[in-house]
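One-letter residues, chain by chain:
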Amino acid sequence: MKTKVVNTEPSPPAVGATPVPSSHRVNRVPARRILERFQALAALVGIILIAVALSPRAADGSNIFLEAGNLTDILRQVSVVGIIAVAMTFVILTAGIDLSVGSILALSTSVVAMALTRWSPPLGDTGRIALAIGVALAAGAGVGAVNGAVVSVAKIQPFIVTLATMIGVRGLAKWLTDNANIDIGFGQDVPAVFAAVISRKAVVIGSLLVMAAVFWLVLDRTVFGRYVRAVGDNERAARYTGLPIGRVKIWVYTLSGLLSALAGVIYAAENHQGNPNAGIAYELDAIAAVVIGGTSLMGGKGSVSGTVVGTLILGILTNILRLNNVDSNVEMMVKAVIILLAVTVMSRRPSE
Amino acid sequence: MTATELLRVANVTKRYDGVYALQDAHFSVDKGEVHALVGENGAGKSTLARIIAGATRADRGQIFFNGEQVSILNPLDAQRLGISIIFQELDLFPHLTVAENIVIGNLKLEGRAFVNRKHVNSWCRPFLEQAGSVNDPDAMLRDLPIAHMQLVAIARALSLEARLILMDEPTSSLFGDAVERLFTTVTRLKQSGVSVVFVSHKLKEIFRICDRITVLRDGSTIGTRDTSATSTNEIVTMMAGRPLKGRPTKKSAASNDVLLAVSKLTTGKIQDISFDLRRGEVLGIAGLVGAGRSELGAALFGLRRLISGVVRLNGRAVRITSPTEAIGAGLGMLPEDRKLQGLMIQMSVLENSTMAVLPRYQSWGLLNRQRELGAMEAVHRRTALKAASPDVAVSRLSGGNQQKVLLAKWLLAEPAVLFLDDPTRGIDVAAKEDIYEIIGAAASQGMSIIFVSSELPELLRCCDRIMVMHEGRSVGILDGALATQEAVLALATATAQPLETRPRPV
Numbered sequence: 001m002k003t004k005v006v007n008t009e010p011s012p013p014a015v016g017a018t019p020v021p022s023s024h025r026v027n028r029v030p031a032r033r034i035l036e037r038f039q040a041l042a043a044l045v046g047i048i049l050i051a052v053a054l055s056p057r058a059a060d061g062s063n064i065f066l067e068a069g070n071l072t073d074i075l076r077q078v079s080v081v082g083i084i085a086v087a088m089t090f091v092i093l094t095a096g097i098d099l100s101v102g103s104i105l106a107l108s109t110s111v112v113a114m115a116l117t118r119w120s121p122p123l124g125d126t127g128r129i130a131l132a133i134g135v136a137l138a139a140g141a142g143v144g145a146v147n148g149a150v151v152s153v154a155k156i157q158p159f160i161v162t163l164a165t166m167i168g169v170r171g172l173a174k175w176l177t178d179n180a181n182i183d184i185g186f187g188q189d190v191p192a193v194f195a196a197v198i199s200r201k202a203v204v205i206g207s208l209l210v211m212a213a214v215f216w217l218v219l220d221r222t223v224f225g226r227y228v229r230a231v232g233d234n235e236r237a238a239r240y241t242g243l244p245i246g247r248v249k250i251w252v253y254t255l256s257g258l259l260s261a262l263a264g265v266i267y268a269a270e271n272h273q274g275n276p277n278a279g280i281a282y283e284l285d286a287i288a289a290v291v292i293g294g295t296s297l298m299g300g301k302g303s304v305s306g307t308v309v310g311t312l313i314l315g316i317l318t319n320i321l322r323l324n325n326v327d328s329n330v331e332m333m334v335k336a337v338i339i340l341l342a343v344t345v346m347s348r349r350p351s352e
Numbered sequence: 001m002t003a004t005e006l007l008r009v010a011n012v013t014k015r016y017d018g019v020y021a022l023q024d025a026h027f028s029v030d031k032g033e034v035h036a037l038v039g040e041n042g043a044g045k046s047t048l049a050r051i052i053a054g055a056t057r058a059d060r061g062q063i064f065f066n067g068e069q070v071s072i073l074n075p076l077d078a079q080r081l082g083i084s085i086i087f088q089e090l091d092l093f094p095h096l097t098v099a100e101n102i103v104i105g106n107l108k109l110e111g112r113a114f115v116n117r118k119h120v121n122s123w124c125r126p127f128l129e130q131a132g133s134v135n136d137p138d139a140m141l142r143d144l145p146i147a148h149m150q151l152v153a154i155a156r157a158l159s160l161e162a163r164l165i166l167m168d169e170p171t172s173s174l175f176g177d178a179v180e181r182l183f184t185t186v187t188r189l190k191q192s193g194v195s196v197v198f199v200s201h202k203l204k205e206i207f208r209i210c211d212r213i214t215v216l217r218d219g220s221t222i223g224t225r226d227t228s229a230t231s232t233n234e235i236v237t238m239m240a241g242r243p244l245k246g247r248p249t250k251k252s253a254a255s256n257d258v259l260l261a262v263s264k265l266t267t268g269k270i271q272d273i274s275f276d277l278r279r280g281e282v283l284g285i286a287g288l289v290g291a292g293r294s295e296l297g298a299a300l301f302g303l304r305r306l307i308s309g310v311v312r313l314n315g316r317a318v319r320i321t322s323p324t325e326a327i328g329a330g331l332g333m334l335p336e337d338r339k340l341q342g343l344m345i346q347m348s349v350l351e352n353s354t355m356a357v358l359p360r361y362q363s364w365g366l367l368n369r370q371r372e373l374g375a376m377e378a379v380h381r382r383t384a385l386k387a388a389s390p391d392v393a394v395s396r397l398s399g400g401n402q403q404k405v406l407l408a409k410w411l412l413a414e415p416a417v418l419f420l421d422d423p424t425r426g427i428d429v430a431a432k433e434d435i436y437e438i439i440g441a442a443a444s445q446g447m448s449i450i451f452v453s454s455e456l457p458e459l460l461r462c463c464d465r466i467m468v469m470h471e472g473r474s475v476g477i478l479d480g481a482l483a484t485q486e487a488v489l490a491l492a493t494a495t496a497q498p499l500e501t502r503p504r505p506v
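Sequence lines, in order, name chains C and Y. If you're matching positions, the first sequence starts at 1 in the numbering used here and goes up one per residue. If you're matching positions, the second sequence starts at 1 in the numbering used here and goes up one per residue.
Hints may be right or wrong, so weigh each one.
[To be verified] Below, computed lysine-lysine pairings styled on DSS-like, alpha-carbon distance capped at 27 Å:
no., chain 1, residue 1, chain 2, residue 2
1, C, 201, C, 335
2, Y, 432, Y, 339
3, C, 155, Y, 339
4, C, 301, Y, 339
5, Y, 204, Y, 31
6, Y, 204, Y, 432
7, Y, 386, C, 301
8, Y, 202, Y, 386
9, Y, 190, Y, 202
10, Y, 269, C, 155
11, Y, 204, Y, 190
12, Y, 202, Y, 31
Rather than coming from a laboratory, the hints here were simulated on the basis of the structure. The structure displayed is predicted, hence computed values, not measured ones.
Same shape as in the complex, but just chain Y (with noise of 0.2 Å):
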């Protein structure tokens, strides 16, 4: 072990059921140093920050901290270490406080018999400005929206006074200026000689803000490299352990009959959205986080009253009132949080995937195994879920391939409009270029498509058109060709100026 090695962790394995996530893997983080760990899904990333983190123990393996081998056993022995780990699924309090959530397990505050609101909230704040969060203390925390939430994860991590900080997906759910505030907070914990390590799939951020990248495949260690000396084709290399495919052309499959025309739909939290949704058109809908793109799905998925506005779907108004009518009606929702509201957890691959359509299995009213396992088996091949079982409970899946499952229930169900709700967040890279395809296959097939999402590369590299929103509010549709990251960060950030609200007749 070197002098500037902070953390080494050698022969670490781990089975979960007779499969390895991890097999004799290794990994080693410096004093002050962001070190990236990648590897595509089921790659054993998550599990090995998990490990360092006492969030779970490793069947077999050594962790050196500081030059001395240590026991992590749970994460109070990582947090006396100095090791804190931020969750890629939060792992906070929904109905307490901001401050609360801070300031909750800290052992230094241990010992005080009441709590005193005010010094607590003010304790607070330096480790809510230095992760970028401009939440409230006092906030509730179901109250804020996923990203919010994140940032005060961040800044719980900082209260904790770690000197390694494991972030497991942390920009998944940021978008623009808060990334950018997140790096700077990186790069001032790095200064201050915290290191830190990011579990990540988003190469160009890492790139630009990690020393080190280590690359785990299929629960091995691969290969450490230098950020300076490497390349985002090896590094993808080396995760696939085969070259990536090149990115396809993306032609638009749209017809020319509108099938969805929103008009100055008006909820609690945006105001007068319109737009028109062509048979076959992938619409992307971008901003930053608050600009109301879920809120929108939920109005016109039946979860909000409206206050006002007209939805046609086929040229004729429709009233939703529920999502049991707008599925009748012939829409479909994937939802932001997909453990939340979308599946369910304890059941299994097969179960999940026919949810939204099982009556037609049923022969004499009892169900139809091999029904619904032939359409299942048909509905996974189109998304390349990979599953040993389909009787294996979903909980047990990758992220990634929890989202196909998700996405099949909905490609069986054939709605006409399926609203995606940011479908690739906290997934790798092949899972990823897997759900573009999806996407592109449905839309040619006739399925139109709301896409929405944080991320600008894959609006631009998916949609026809992309409408943003700022603050509720609809600045603009920008169409395909036109459409470049800085157009929409522009009207994003409301530094533009807003484009015409209507949508330009075609």
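Chain C extracted, bound-state conformation (with noise of 0.2 Å):
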């Protein structure tokens, strides 16, 4: 996916020409990253105001948007999606792309719907959730530990190695599950308790949010995420002072497919069942909310918490549309033509 051109921008002259007191600038941020951030969040704040606005209005007048079981449900809603976006924001900032994430997710509601209901080992309840869960999250990350070592390794174009990944894998899932669903139930038995509590509201948005604020401190704070945005921008300069860039490449498909994984099980809690063709499109949901966000498919700039706000507008857009009764075909017309506007008003430059 890197096409960048290097010989572009003509550089500016040096900001400044004498020195400022290093005591005046330690945690100081320069005013045009705060205003990149709160571009995101303009754009937030501004489809939240349309949202009311054109929310309908429940019997006694109040706004059914503004309802707190509304709101809750959106960030229900977007959290499969959003868990899978988080990661996928690490794997565009290397200048790469995973689009097998939505198969991933698929084997992943297999794996564990299977290991709940066709393993019976002597662990317990609670043992025996928590295999299941490990299994799933395991195969996820084999998965994208496999896609980072090819990319890495043998050097194929992300795009490529994930492709084939997205077709491989679905084709895995559905061969494991004999192409059937697979039941979870509402009993009381092992596989129905781990389904009413994974999909309890609570844990399901809490799931996105310690994801998001995990990768967002890997992302800022760490050696790791400070590599990732390197490679991503400059992967030469990087290999010449010495980045261990295949292992960050490893990692960052290996997390994709972890968290991709991590959705899945979310997924097969809610939807009560394992499901082989789950998560078709999801990658595109997920780029989507990466990319309005502000991360650049280019490499090297972007944020989890432009990734959590591209989520969100996303997910308060398919909210207002079907509280407004669209048609869900107008509903993805709808959402393309904010998706082309959200991306413009981000990549906008403030001073040129």
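Starting from the two chains in their separate frames, assemble the complex, guided by the hints.
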């Protein structure tokens, strides 16, 4: 996905001629960065206002959109894709892309459902649930690691590698389940307990928030996070600086697989089934959220907070269209327009 | 506007995010004149040239061309008027051929549906010759070294029938006869009535070839002088606003123990390179474009497959197959092209500075900003780097400051051997002085430095010894005392008897 042209932007001259004493500058973030973050938030605020304005009213005149139940519903709705998008941010920051996330989600739902319904190890209820989740996460991380290894060792373009994985893993999921959904019932047995617990709003939304917080921290404050951006910004310079590019790439794809699997576990709980056909086109929703949030597909520039905002924007948009009973096909067209608009607004530089 | 005036710009002002790049600058060029535009980093000369060429728009100001006020809002407007610019950071297409690069965007050739390769190639040849390029029109641009690419850029300007050609640091990668060929071209252009604006820091060249010199400082025009009526000292004083420091005499800091011993190093492009590098020594590497100097650096740094040869560090043979291994072994490299190979251009000054040694600044897995900043500030003091904030993206720094960030990165890494590939390319006088001082200081603290450059004066000034390369081989290693520009050039052009290629025992 990397087609960055290097000889473009003429560099403006030196910013300032006299050094400012360091004591004045320790925690100052330049105005430009703040403005960029505000852009994302401004878009979010804008779409909230539109949603409030367009919201249908309840019988007593109150705004349906603003009802607590509706708002938390939005958060719940976006959590599955949101979790995927958080990890996708890292992949895109390295100037890569992961098209296999939907298939990994499907694999994960299948694996967790199968582990819950067909295995009976003597581990107790919690143990069985933990094992099932663990195996599903491991499967997702494993696929991700394969993606990462092929991208970094064989040096094949991420688009191609994850396209292949997308197809292959979907096939794997279907083969494992004999192309059938695996039911997770509503009773008292272990699978049902799993579904009841994991599908709780607090767990679902909490998972998204925790993952977002963790990934934000890693990106902003760790060596690995810095390397992720460096690799995406200028891979050649990263190589000449001795950065562990191979390891960075393997890890971002592994994390993407891991979080797609986590999303799959939640999906399975919410839908009470393992479904090898789940998650189709989820990669596009995730990428859309990342891009709307201000992350550049060319790598090096972006943030987890932007992705969260992008996810929310998409979620609110979907919500308001549904509240107004807009045809789901029209909904897709509207989404397309909004995505283009949002990206245009995001990429306009304030000073030029 | 006089009858001989071709271009006049007046009251030009341009701000970038609150900083004035140009403030009421003015400038004029006569017909058939070669006019130099000089100034320190950040003085605004590149910005002014870009405004004239339509690559940027001024916030305020007027442009007069051939007596009429014109509006140049984009490069096409400039092209139509007959104004062409050759950028310091060339704006060519690496995946197209030489001929395609010249022809592309030429309005006169538009309207043809099919491209006849032979026709295009032969159409380009005269311009290539005029520019002094020896390249085949069918050659792929990305296979050419930077200096050859520059000549293609000049050929392109010529093909656009420019009446005014602006050249931004055109000789920054040219050496020896290529510079002479360029000067011949410029003289020919002048005689045919084309005006040339030379944005450059190389005062010696400017005094040779330019009729007038305009000095900018901090975005304003300080003055214009006839070359024949002024001196280097006057120009430099106008540029700096302060008298230039005298040139310090160079004292060798080299000790006697050999740190790096290279023996018969051979790759696809270099053969049998052997030399010793002592601790604290500055070894220069001179040679024409294509001599293999950058290739040598790449080979030492693990970026090339070695066909044969041994590299010994501290007496022990090492096998280096990747930059990571090279850095681990104690080597560092400042690459030739700082934007393509050196900097993470969207990341900040702080992030770029600490990139090579980042794991040092973590506590409990998280980066400690205070420690990072402290280390960065300490090393930036050594490099005299001035940036308003450590979080500014390096893309917004001038070329000289960008190079200082890269140097800072490697100083922090504290390699035993630092390979500098053309570190002062496209950088103004004051920043160059700073970099020479940094090199000298690092050497006196025990770092060994390999200094590749196309500028003989700086090699003569900074280096203890100079190895001259020619077509992939080492043709001699000159001791500092014996090295003169003539001696080096003679070796570089293979017009002298090659000296023994094994380093002389000290």
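Results for each hint:
1. Distance restraint check for residue 201 of chain C and residue 335 of chain C: the Cα-Cα separation of roughly 25 Å lies within the 27 Å cut-off, and the hinted pair is therefore satisfied.
2. Among the hinted pairs, residue 432 of chain Y with residue 339 of chain Y is consistent with the structure: their alpha-carbon atoms are about 18 Å apart, no more than 27 Å.
3. A hinted pair counts as satisfied when its Cα atoms are at most 27 Å apart, and residue 155 of chain C with residue 339 of chain Y qualifies at roughly 23 Å.
4. Among the hinted pairs, residue 301 of chain C with residue 339 of chain Y is consistent with the structure: their alpha-carbon atoms are about 16 Å apart, no more than 27 Å.
5. At most 27 Å may separate the alpha-carbon atoms for a hinted pair to count; residue 204 of chain Y and residue 31 of chain Y meet this at roughly 23 Å.
6. Straight-line distance between C-alpha atoms of residue 204 of chain Y and residue 432 of chain Y comes to about 15 Å, which keeps the hinted pair within the 27 Å bound.
7. Of the supplied pair hints, the one linking residue 386 of chain Y and residue 301 of chain C holds, its CA atoms being roughly 24 Å apart against a limit of 27 Å.
8. Under the criterion of a C-alpha separation no larger than 27 Å, the hint pairing residue 202 of chain Y with residue 386 of chain Y is consistent with the structure, at around 23 Å.
9. Between residue 190 of chain Y and residue 202 of chain Y the alpha-carbon distance is near 20 Å, which keeps this suggested pair within the 27 Å criterion.
10. A C-alpha spacing of about 25 Å is found between residue 269 of chain Y and residue 155 of chain C, which places the hinted pair at or below 27 Å, so the restraint holds.
11. At most 27 Å may separate the alpha-carbon atoms for a hinted pair to count; residue 204 of chain Y and residue 190 of chain Y meet this at roughly 19 Å.
12. Of the pairs offered as hints, the one joining residue 202 of chain Y and residue 31 of chain Y holds, with about 23 Å between alpha carbons and a cut-off of 27 Å not exceeded.
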